[in-house]
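A.B. asks: All chains, full assembly: derive it from the sequences and hints.
Here the protein sequences come in this chain order: A and B.
The opening position of the first sequence corresponds to residue 1 in our numbering, with each subsequent residue numbered one higher.
The opening position of the second sequence corresponds to residue 362 in our numbering, with each subsequent residue numbered one higher.
These are calculated hints, taken from the structure and not from any lab test.
Think about it this way: if two alpha-carbon atoms lie no more than 30 Å apart in a straight line, the pair counts; the simulated DSSO-like pairs of lysine-lysine are:
id, chain 1, residue 1, chain 2, residue 2
1, B, Lys536, A, Lys286
2, A, Lys288, B, Lys529
3, A, Lys284, B, Lys528
4, A, Lys81, B, Lys717
5, B, Lys451, A, Lys284
6, A, Lys333, A, Lys318
7, A, Lys81, B, Lys406
8, A, Lys288, B, Lys528
Far from chain A by the CB rule (all over 10 Å, computed), these chain B residues:
id, residue
9, Ile387
10, Ala534
11, Met723
Glycine included, every Cβ here is placed at the ideal spot set by N, Cα and C.
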Amino acid sequence: MSISRRKFLGWLGAAGMGTALGSTANAASNKHFSGYPDSVGVLHDISRCVGCRSCEAACNKVNELPPPDQPFTDLSVLDTKRRTTPEAHTVVNKHELAKTPVFNKIQCNHCLEPACASACFVSAFKKTAEGPVSYDASVCVGCRYCMVACPFEVPTYEYNKAFTPRVMKCTMCYPRIMEGKLPGCVEVCPKEALTFGKRDDLLKVARKRIEKHPDRYIDHIYGEKEMGGTSWLYLSDVPFADIGMREDLGVTSAPQLTAGALSGVPLVVGLWPVLLTGIYAMTKRKEKISQEETAEAVSLAIAETEEKGAEKLSAALKKAEKDKDMAIQKEVKKALEEVKKTFEEARTQEETQEEQKEEKA
Amino acid sequence: MSEESAVVTGKKPFVPGKSLLTPFNIIAGIIVIVGLFITVLRFTKGLGTVTNLDDNYPWGIWIGFDLLAGVALAAGGYVTSAAVYIFGMKRFHSAVRPAILTGFLGYALVVFALHYDVGRAWRLPYPFIMQQGTTSLLFEVAACVALYLTVLFIECTPAPLEWLGFKKARNIAVKLTMLLTIFGVVLSTLHQSSLGALFLLAPSKLHPLWYSGYLPVFFFVSSIIAGLSMVIFESTLSHHYFADKMDETHMNEKEGVALGFGKAASLVLAGYFSIKVIGIAVDNNWHYLATGYGAWFLVELIGFIALPCLLYAVGVREKNLTLIKWTSGLAVLGIIINRLNVCLIAFNWHLPSEDKYFPHWMEIGISVFIVTVGILVFRFVVTRMPILYEHPDYKDSH
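C.D. replies: Structure representation (structure tokens):
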């Protein structure tokens, strides 16, 4: 297979397009979204939580979820590690650390720029201006990409429903908030481990607590910057990694992770057709030129052969003519000679006859 | 004589007394019956009854194999038509129709499989008719797959139209070839790469050796390998089972197709190998290679990328068609393993092994059922329509 320069250039262009696609995720601007103003959130002070599961019970009640297998008063369920399920929007996990057990509550963190909303191809998830991340089951197709995308492993799915399966997750009690009420879990917490308020205020509260008790708290507000920031914030007296909260999530928000790939779309749509048509045109032109060249070469060859043929023919004709002439001349000469001979013979005969006559006479 | 006329008209000669109960048909029949049984279960009892999916693993083999691997393996359509119509490699022309048919069936089956996987299948058009989630790469994938399925359908139509004798419609479809080819390459570039980009959202869940900003490039480049290898692989199988349907041109070009595509696949594999290594270097992930996941990554990198690259090169150099055919199988397997790695095996690598996913037998049953349906439809088409041979009325019309 021989590769012409033109073809090679075409391929090179195609390869260049491919690499242009892979530019790493970077939003096209330096804009940074730091949450809707005055949006609300919850501050969870892990050092205050005693693992009574009241929040779980309240959540179950206000969201009208099915009753659990074991009652909420049964604290033995804390011995096994749990995650959110379609029947439980929030769960408390116990972590046996050196000093005392530490409890942390899991629920939707209501990201400022949610991965689920970024992932959803029907926009079923929305970050509301009030703070909660809402979900609209009436458009949900059930692709479950939101569950793949969520870095906190929060959304769950009703796998056992055949006709109306939904994604289930904490709503921050959005309907209650709109009525001016507190979220179910916050309202019921006996230790004030949960504080509801504007996110900006909660950050200030958290910072003050760290300032006041630097020996008690880890100097980090979990959720302030994780994955671009969340509406649910955490304070802890033990390292977050020790109680199953990932500290390797980074501060990049979900939309920024895919911005690079998405910005490649107009690039491909705009450049590929031009490039491909160009390659096609070059291929066509090359074909046309080679066809023309072939045709030219063929006609040239034919012409040459014809010319040679004609020359040969005329030479042959000339030769034939000459031969013919010569033959004619020869014949004529021969005929003349014959005539001459005959004439001479006749004369000699006459002479002899005359001589004989003379002799007789 | 009768066989010859059968090839020309494309009609299967009726052989009285020849039983339909061949071993293949019996096995295929059992698979289809089991598949239909699981289908009923799936749509009456829900996903929970037939799958091992859970809240940590919302995507199982129906996404990892049926969608991700399926779309990659159906790339033969755009790769072959681009080679022949855009890059002008006319000597591969006889490979176009089987490749387009395989591509169309592949995509059709991917969409078919999606109906099993999504929670409410009847809502699949919702992203287009209800609300557009344009921030989602899945929206891009959905839009491109829907459009490309349409493109492949039109590209496929000349064969059935020739079979049915609709000359005018057939000629219109053929005139669209160039436009459809370019459109197909654009759409394929977009969604093949976007399938990889789907996982850009989950840097905390996918193992760093597989997670990379280059995921879209990896998926796109490897789809070319999958496409090229599938053409060789499919042609090998077709030659084995449908040799009586192939015309002289197809037979003559077959060897050239295997050599040409094998050579191209070797080159692309070499490039793919390089960018995979660059991917590790860019994120400085070398230290992970010494872990268990690192060993598995090296198996993929060396056993399923470097090795087929080398074997293809040797096969082409020595004109060893048997080696090229086996290598195409190895390369195809490598792409399947890659997609399963990204979607399942290296996904949720931080979870303890007891929380990892393993497919339910009924999930595997549906995947096998769908592949079987694909083979049956392929057989139905190539034994009737001008796919492996040119229709006598349209010879030299391309």
